[in-house]
Amino acid sequence: MSMPELSYREAVRDALSQAMRQDEDVFIMGEDIAEMGGSMGVTQGMLDEFGPERVRNTPISEMAIVGSGIGAAMQGMRPVVEVMYEDFLTISMEQIVNQAAKHRYMSGGQLKVPLTIRTQGGAGWSPGAQHAQQVEAWFVGVPGLKVVFASTPGDVRGLLWSAIYDDNPVVFFEHRTLYGLKEEVAEEIEPIPIGQARVHRQGEDVTVVATGRLVHESLAAAEEAEQQGVSVEVVDPRTLQPLDEEAIVASVKKTNRCVVAHEAVTRMGFGAEVAAVVQHQAFDWLDAPVERVGAKFTPLPFAPVMEEYVIPHAKDVLAAIQKTVQRDGAS
Amino acid sequence: MANEVKLPRLGQGMESGTIIKWLKAEGDQVEKGEPLYELDTDKVTQEVEAEASGVLLKITVAEGEADVGTTIAVIGEQGEDVSAIEGDVAQPVAEVAEEEGSPGAQREPERERGREATASEQITEIREPAQGNGAGARIKASPLARRIARERGIELGSLKGTGPEGRVVAEDVERAADGAPAQPSAPAPAPPGEVERVPLTSVRRTIARRLTEAWQAPAFQIAMSADMTRAQELHDRLAERVKEGEAKPTVTDILTKACAAALMRHRAVNALWAEDAIELHPNANVGIAVAIESGLVVPVIHQAERLAIAELAAARADIVTRARDNKLRQEDLDGGTFTISNLGMFGVEQFVAVLNPPQAAILAVGAIEAKAVPTETGFESRPLMTLTLTCDHRSLDGATAADFLRTVKAFLEEPGLML
Amino acid sequence: MAKVEQRRGVSDETLREFFREMLLIRRFEEKVEERFRAGELPGFLHVAIGQEAVAVGVCRALADGDVIASTHRAHGHTLAKGTHPNELMAELYGKVEGCSHGYGGSMHLYDVERGNLGANAVVGGGLPAIVGAALAFKFRGEPRVAVAFFGDGATNIGTFHESLNLAQLWQVPAVFVCEDNHWAESTPESQHSPIRDLTKRAEAFGMKSMKVDGQDVEEVNKVAARALKHARDGKGPIFLLCETERLVGHYIGDPQVYRDKDELHRLEETADPLELLREKLGLSDTEYETLDREVQELVDASVEFAKNGTDPNPEDALKNVYA
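Those protein sequences? They're chains A, B and C, same order as listed.
Going letter by letter, the first sequence gives residues 1 to 331 in my numbering.
Going letter by letter, the second sequence gives residues 1 to 419 in my numbering.
Going letter by letter, the third sequence gives residues 1 to 323 in my numbering.
Don't take each hint at face value.
To be verified - In silico EDC-like cross-links for lysine to aspartate or glutamate, where the CA-CA straight-line distance does not exceed 20 Å: (1) A/K254 with B/E349; (2) A/K253 with B/D227; (3) A/K253 with B/E151; (4) C/K31 with C/E97.
No wet-lab data here; the hints were simulated from the structure.
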């Protein structure tokens with residue numbers, strides 16, 4: 001059986017296209033997604049296949065892009081809107097947080113908002129402070145929203161499918177530096193349940209919970225750690241809200257040590273929530289404090305030398321792993 | 001036209017305020033915006049400004065509390081007749097709300113309901129009565145290490161930590177459990193020469209409070225030794241009969257049974273001091289002092305006199321486990337009428353326990369040690385255990401206490417007497 | 001789908017119905033003020049006294065299947081769109097029988113079955129969704145129109161501009177009803193808008209606008225009908241400017257220290273839409289009193305209904321977060 005190889009970018013396109021082929025209610029809108037095929041090339045070719053009504057370019061109006069998506073979703077369609085850079089979610093925050101997340105609740109259950117908001121971000125190419133933030137943590141704390149952040153082609157395809165067909169508003173984060181990542185995927189789309197973590201690598205000594213680009217950095221760090229005799233388990237939650245607490249806690253109960261890693265700034269990043277969950281549910285299993293790996297507490301600098309200093313890499317994950325197993329006294 | 005000065009609603013929920021003093025007198029000229037009087041609400045004392053200019057013709061409420069909306073003064077033109085305007089007439093309905101929105105005063109009962117519903121999810125504080133010494137200075141150990149130490153009965157303080165900053169980690173405990181005897185090591189890692197100041201936890205605070213309370217009682221102690229030969233034989237026989245999964249009876253269980261039986265014979269000892277009376281209780285609710293991480297706790301086995309040894313063992317195993325896992329409930333700690341404290345497993349030969357108020361007595365038990373006992377033919381080695389009973393002299397006299405202790409000793413030396 | 005009839009003029013009978021509707025809204029709002037002062041209604045309350053003609057005139061021009069989104073001053077729109085006073089009052093009292101089942105309150109009134117997509121506490125918050133609803137109607141080829149209510153204050157916020165721009169660009173069947181009551185809370189129009197004629201704002205987006213005296217319910221109804229037809233016929237969205245008056249404060253108990261009291265009195269005398277219609281119809285005192293009694297009974301009954309309603313269980317707060 002042939003296993004096609006898809007890049008992360010193509011995987012996103014595949015999920016969107018297949019959904020739109022079989023379901024008239026699905027349509028996409030965003031800035032520059034039509035002729036240009038999206039600033040990241042994700043929607044290339046889709047205008048030709050689906051036409052300008054269903055592959056809609058929009059003006060630069062993040063409030064209206066998200067808001068009109070909300071309106072169409074409330075009428076039973078399944079729009080997938082794109083916010084070009086996740087930094088610009090800030091502009092549509094009001095519509096996402098005050099409107100989309102709350103219509104169902106405030107109406108006492110009368111409405112559903114099956115809207116998917118796709119966005120992307122990622123540093124490492126000198127985009128500057130306003131085009132490289134990782135803001136997923138802001139949305140995790142908003143009741144009514146679901147937050148997804150996939151790190152591989154197979155995962156992003158299966159999860160985007162599930163997000164489109166979830167009846168709740170989903171903020172769907174993609175990572176820019178992963179768009180070119182290729183992987184063999186199944187012929188048919190395998191929907192991945194929202195709220196299900198994935199263990200990328202089994203290990204005995206330390207659990208690393210990582211998202212986005214840091215999943216891959218953590219896998220590299222795990223290889224290195226293995227050489228040093230430390231066996232590392234790498235878990236990707238894939239969905240940040242709802243969080244697969246069971247899987248994460250089970251892993252930590254097995255290894256007794258935990259590191260959380262994400263590209264976002266450490267302070268108030270998603271790792272803080274994971275650390276809190278872990279220390280609460282696996283308190284008596286922890287042999288070391290939970291270590292957090294993230295960007296340093298600065299806006300992202302432009303100069304490459306400074307940018308690389310600020311964002312986390314595999315070696316930072318390795319250092320954190322080592323901290324959890326280190327000893328001062330002789331055994 | 002005269003302008004009535006009414007007591008304003010200065011904040012959400014404000015129903016009334018207290019006029020502290022008037023800053024202007026009747027007959028004074030007043031400008032709009034000038035401070036007119038001082039008002040005390042729940043939250044703050046502040047100056048209230050005049051809303052109109054004119055002459056302060058009349059102060060209808062000089063001082064004291066007034067409802068929001070009440071006319072407290074009149075400002076108008078010199079010579080105007082304002083005799084008709086009364087003070088102290090509270091308006092039935094509030095004049096104006098100064099702020100947008102309101103919690104709705106009538107809806108407070110529902111808000112209370114909502115608050116109650118979430119309050120019931122919270123854990124109530126566990127009372128932890130004092131007993132003996134607590135642990136020493138704080139030991140740095142990971143939660144996992146602590147748990148393993150607890151489960152295996154290993155003293156953390158005796159371990160040397162190999163984790164960062166000398167933290168005891170799981171491996172350190174496991175190593176100790178695997179065979180190395182507890183090291184008589186120096187206490188853990190305070191840097192040499194420095195005084196380490198350990199702040200009180202709430203548990204220690206409670207222990208301190210109760211200990212101090214107990215110290216007020218006029219206490220006396222009487223001591224006896226019991227020959228534990230027959231008790232040990234009984235224990236061994238019972239241990240053989242224990243099935244898979246059942247709690248193994250210990251000598252402490254036999255002791256508990258002996259005390260419970262003795263308490264039923266000497267009801268005066270199964271008593272609580274109640275300031276103006278002595279309460280004699282119908283059941284022997286025997287508390288067992290258990291050393292835990294944060295100090296000491298005394299869970300109670302209720303109606304111990306009714307339980308067979310096997311049942312006592314099961315009950316004891318349950319509360320000790322739950323005590324160590326911090327899962328005791330309030331009902332486990334309430335209702336005790338007598339306490340047993342056993343430091344035998346720590347090698348203590350004999351000690352005096354501190355009363356557990358308001359209980360009349362507490363029994364301190366030491367290790368069973370082989371001692372030479374004179375017999376007709378010479379000396380024999382017998383397993384002896386010291387029993388030291390501390391009593392509250394307000395509830396008990398020496399003779400009563402001695403009778404009781406003699407019965408306990410008799411039951412231990414010949415368990416058949418309990419039948 | 002029902003065809004909307006072209007109205008040449010509005011019959012007297014219909015105008016009487018309009019009057020009754022408006023009076024119902026008026027008495028309802030007065031009762032709300034009273035109950036708020038008695039401490040029975042928690043939270044925010046903004047009543048629509050003075051603006052009844054816009055609510056009734058527009059809503060009575062809608063067809064089945066048309067949808068509305070409202071503002072924080074939503075009671076009038078909600079009643080005019082067909083929600084029963086019982087359900088509205090019950091919602092204000094926070095009862096399960098309320099139209100939002102106690103989850104929303106005065107600023108989050110929803111009645112989706114009747115096409116009410118929700119009141120909104122955020123100024124301009126509901127406009128983009130109306131564009132989206134209209135887009136969905138267009139996608140599906142449905143002869144339905146989406147209507148947004150908002151005030152003059154909202155014409156300054158980003159969502160207003162983005163929504164009008166997008167709606168006009170995509171030619172969706174939407175009508176943007178601006179209730180220009182010349183106040184944004186305590187700020188007079190002269191202090192919040194550099195232009196006086198708000199239709200210019202629609203013009204900036206190339207959108208057709210219509211303007212009407214918002215205190216004349218007959219005019220509102222006729223012009224609204226035209227606006228709806230325009231949108232429904234696929235000719236594009238309309239900006240419908242209704243010049244109206246807010247005869248009360250921004251919120252219940254607002255002492256309106258910022259407002260000229262003489263001017264307010266003058267408006268109460270001359271610009272009350274109920275009085276204007278009463279005169280136009282030439283209602284006799286008896287007719288008026290009969291209608292008033294009927295309407296008052298409904299309102300009183302709604303308070304009874306609400307007070308006897310069911311309180312939600314505290315744990316119900318955990319429901320309806322996710323679909």
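ask   = Which of the numbered hints above does this structure break?
value = Violated hints (numbers, rising): 1 and 2; every other hint is consistent with the structure.
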